[in-house]
Amino acid sequence: MRLEAIEDQTWPRRLLPPLIALSVTVVIASGLAMLAGANPFSVLGLILQGAFGSQFAILETLNRATPLIFTGLAVAVAFRAKFWNIGAEAQLYAGALVTVVLGTGVLQWPSLALLPLLAVLAVLAGACLLLVPAVLKTRFGVDEVVTTLLFNFIFLLFISMLLEGPLKDPMGMGWPKSARLLPEARLPRMVDGLRLHWGFGLALISAGAVWIIQSRSTLGYEMRAVGLNKNAAAFAGIPVNRVLIKTALLSGGLAALAGFSEVAGVKGSLTLDLSPGFGYTGIIVAMLALLHPIGVVFAALFVAGIFVGADSMSRAAGVPTYLADIMLATALLLMVLAILLMRFRIVRG
Amino acid sequence: MEIFEILMSVSFWAAAIRIASPLILGTLGELICERAGVLNLGIEGIMVSGAFAGWMAVYSGTGLWTGVGVAMCVGMSFGLLHSVLTVPFGLSQHVVGLGVTLLATSGTYYAYRLALPEVTSPPKIEAFQPFEIPFLSDIPGIGPALFSQTPLTYLAFGLVLVVSLVLYRTPLGLAVRAAGENPAAVAAQGLSVTAIRMGAVTVGSGFMAMGGAFLTMSAFDSFFFEMVNGRGWICIALVVFGSWRPGKALLGAVLFAAFDALQIRMQQTSLGADVPYQIFLMMPYILSILALVVMSRRAEVPAALMVPFNKGER
Chain A
1 MRLEAIEDQT WPRRLLPPLI ALSVTVVIAS GLAMLAGANP FSVLGLILQG AFGSQFAILE
61 TLNRATPLIF TGLAVAVAFR AKFWNIGAEA QLYAGALVTV VLGTGVLQWP SLALLPLLAV
121 LAVLAGACLL LVPAVLKTRF GVDEVVTTLL FNFIFLLFIS MLLEGPLKDP MGMGWPKSAR
181 LLPEARLPRM VDGLRLHWGF GLALISAGAV WIIQSRSTLG YEMRAVGLNK NAAAFAGIPV
241 NRVLIKTALL SGGLAALAGF SEVAGVKGSL TLDLSPGFGY TGIIVAMLAL LHPIGVVFAA
301 LFVAGIFVGA DSMSRAAGVP TYLADIMLAT ALLLMVLAIL LMRFRIVRG
Chain B
1001 MEIFEILMSV SFWAAAIRIA SPLILGTLGE LICERAGVLN LGIEGIMVSG AFAGWMAVYS
1061 GTGLWTGVGV AMCVGMSFGL LHSVLTVPFG LSQHVVGLGV TLLATSGTYY AYRLALPEVT
1121 SPPKIEAFQP FEIPFLSDIP GIGPALFSQT PLTYLAFGLV LVVSLVLYRT PLGLAVRAAG
1181 ENPAAVAAQG LSVTAIRMGA VTVGSGFMAM GGAFLTMSAF DSFFFEMVNG RGWICIALVV
1241 FGSWRPGKAL LGAVLFAAFD ALQIRMQQTS LGADVPYQIF LMMPYILSIL ALVVMSRRAE
1301 VPAALMVPFN KGER
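Going down the list, the sequences are from chains A and B. The numbers in my numbering rise by one with no breaks, and the one at position 142 of the first sequence is 142. The numbers in my numbering rise by one with no breaks, and the one at position 158 of the second sequence is 1158.
With the C-beta cut set under 7 Å, the calculated list includes, among others, these residues of chain B facing chain A:
#1 L1103
#2 G1107
#3 Y1109
#4 L1114
These aren't lab readings, by the way, just hints derived from the structure by calculation. In this text, a Cβ means the ideal position worked out from N, Cα and C, and glycines have one as well.
Working from the sequences, and respecting the hints, build out all of it.
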């Protein structure tokens, strides 16, 4: 078999593959739910209900989507330039680390000054962390997939060391956990009485900002050019390495905001389980969004919905929550295939 | 001086060889995939699936070697999935690989929860026992270190030899290497690049799963979440470190494992009392990155690695 590009894509050609991909995902999830002895229809209903069925559920989904928007943006920005940042998890913790180091009493500032400063420094920390793999790539040709992945392990051990050492909360009953943030360092709620903090607002603003950078700025153009064809970009006079470094800085900074927002908006302190893999899930979010920053917002809501819904479904129907991860992995693999089949047809021979 | 004592002890080298075994198998598997031109980031998840599948098979009553076979079959099916998406369809190897890792990991955890819903601590199996090779294991020093290992370790070392011979001494190996260097030339010979690459990824994934199975069936006798713990990613680094050659990759794996065994022992020394244990745990990862920096300059990357091949496109 081989693939043949389709010049004029008809509407069914554009719509059917993604729809089939999603349907197959649902069918597979239903089958797995049946294996667990549950009624597949009730399982899917419970997931939807748990994710979007009540005000509480919706707020929970929005809260869960917030870090995913940041990590999704971080991955989308990097992947667009074919810079494979798999280290959003570490950069997230870098942002969280800065937030607890400076937000627990070192700086006694009013909220309006402290929060922006924490956010900016968190961004810098994440950017610096990703700068190392970026420089190793541009200077020494070291593959960034491996280095960013290994950095996740190194940085988590580093955080663990700090939480059992200098950052350990003396009032923490021996748990490896940092002191709590000052009230001034906590992100306020967006609407009084609703459990949704300003991290979500910041995430939406970031998505808008990334979209503008990508579509309206020279850097955005250069990042796309480098991603499409490095050699051609270099030939056209684009400083490829410099663009890659800038991409890395932006990507690392965005991922760090996830850590800032989780600590300042939700947890109030730093523990080793701050992120249940938000950095890795960001890759799925970015891919489902076709690397488009506005798409990242919707993909993050979808992914967060599946996680939140699966949590509540698991409690009600007794199906393991890992069903959510399986659904996402299946959706991811089928969607990349579907996107290909929107533009190519399979020919024999 | 404590380091010197550790380095001279037989138990240290025996541990290093044991720790190296799953890395050798995983690295060989990745090396086969990459030699054919496909980066397989599914390795981490495939090792998890192999670790579970082999252990579960033995727990449900099959023999140990059947368990290894089951693990390989599971790994090969994930490899087949990976290769269908990346080879004929030419999808991004990064995305598909990470997707396969997620699918294999979550699928494994799901299966574990379904198979053992009630247990709090996973059951144990009768794992592979060390087998002392007659005469060789009596050599002082290296005997107990090298020749009193479990059968899967001997298999791992043997497979390095086999893969080397196949890659460099057979037409099949030539075809695999050419598929990773110059696929158009392979196609011009009338061979199918698609078939060669898919085969390499599938077989390589079987090796990775065997590496995972080593953890549950040789190193330990039970399955835990997070037990692979980044070993798959280390294997990817080891392939680069070994310049895509099985022998050098073996050397890298043993070096890495020796370092890992050393840091575990260093934690017990007087130095370990002053330095946080996390520093020791970080060392192998930092070492991997440093090794990559040193090796990447003269790395002989397969020319067509990560380049999809579509017949008719020239």
